[in-house]
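Okay, so the sequence shown: first residue is 72 according to our numbering, each after it adds one.
Heads up, some of the hints might be wrong.
Here are the in silico distance ranges between beta carbons for each label pair [as the list claims (entries may be wrong)]: (1) Pro315 <-> Asn207: 28 to 34 Å; (2) Arg268 <-> Ile319: 31 to 37 Å; (3) Glu131 <-> Leu166: 40 to 46 Å; (4) Val228 <-> Thr112: 31 to 37 Å; (5) Ile209 <-> Ala231: 22 to 28 Å; (6) Leu290 <-> Ile209: 19 to 25 Å.
It should be emphasised that the hints constitute simulated quantities derived from the structure, not laboratory data. Every residue gets a Cβ at the ideal spot worked out from N, C-alpha and C, and that includes glycine.
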Amino acid sequence: MGRLTSAVRKALSSSHDLSNRAFDIGRTLIALAQLSLLISTPADNMFVPVGEAPALARCEPLGVISAFCWGEPELARWLLVVALALVVIGFAPRLTAWLHLYVSLSIALAIDLPEGGDQAAVAATACIAIISVSDNRIWVWRRSETTYRLGGLLYGVSWAAHWLLRFQMAYIYLNSSISKMSVEAWQDGSAVYYVSRMEYFGVSGPFADVLRDLTAVPLLAVAATWGTMMIELSIAVLILCSRPWQRIGFLFSAGLHIMIITMIGLGSFGLVMIGGVLAATSLGWARRTTAPQILGGGGSTRREQARDTINTDAGSSITGEKAPRLGQS
């Protein structure tokens, strides 16, 4: 009975084994997006001056917990860069995941130039921090057979937090899609045409002329406008579906944001969303262990069969009894 209980626990754990590269890469993409912001943007450019007063971080009311409100903003910026570097190299995720959450809060609560990804990063890293309470690895990029504890309170918390992450990322896309449907420009299919020609957020770069020409075609403009809303709605649904559909949801998300980056930029926002969805759908990319493999059925490996044979032979030699063959009573 005890062996069966242990096997069932392992079977349940296999459905939520976050020791896979997809989850680690997703968390790293979010950190890289934030690193790109902090490294490329001096602290003075993150804050908007009021009148003749110097540019300062927003420290009231909740912003006071931000690292930018503790002292010299430029020093705080580089301290946050170091913290994100620890996340990227994968050191002690159980600890650095909470440090990552603090970095996300420091950016979202203090800077005056939000671009959407900062709020999404807070939501994603909050869930990731709770998920990581059961992660006992020292280095993320080194696989361990005992990465996540099987069973126990911490494992249950991690399991619940991963579902919370899936719901959170699904809600972001669902809200984005539904809110667009109430805007006239999105209803009539002209939104992409106008967005691509905005002064500050329009298309730019080597593909700018081509994209302007394409969005000038009415049929293509309508298809891109309504296609964006339908893809966002699809992503919201697919994230909550079974494993194969989760993978499709991630591919839709990655393709959508790569197109947005190509058209109008918003690189850090795109990386945050791609990383968040990848972490949320990470179980869809993990190798799934089936119940027969865990319970010692037909799916057991040759190594496991050999080990069972050795144990059986050893037991029979001690008792002096001949072990029954498979199928004998």
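Hints violated by the structure (listed by number, smallest first) = 3, 6
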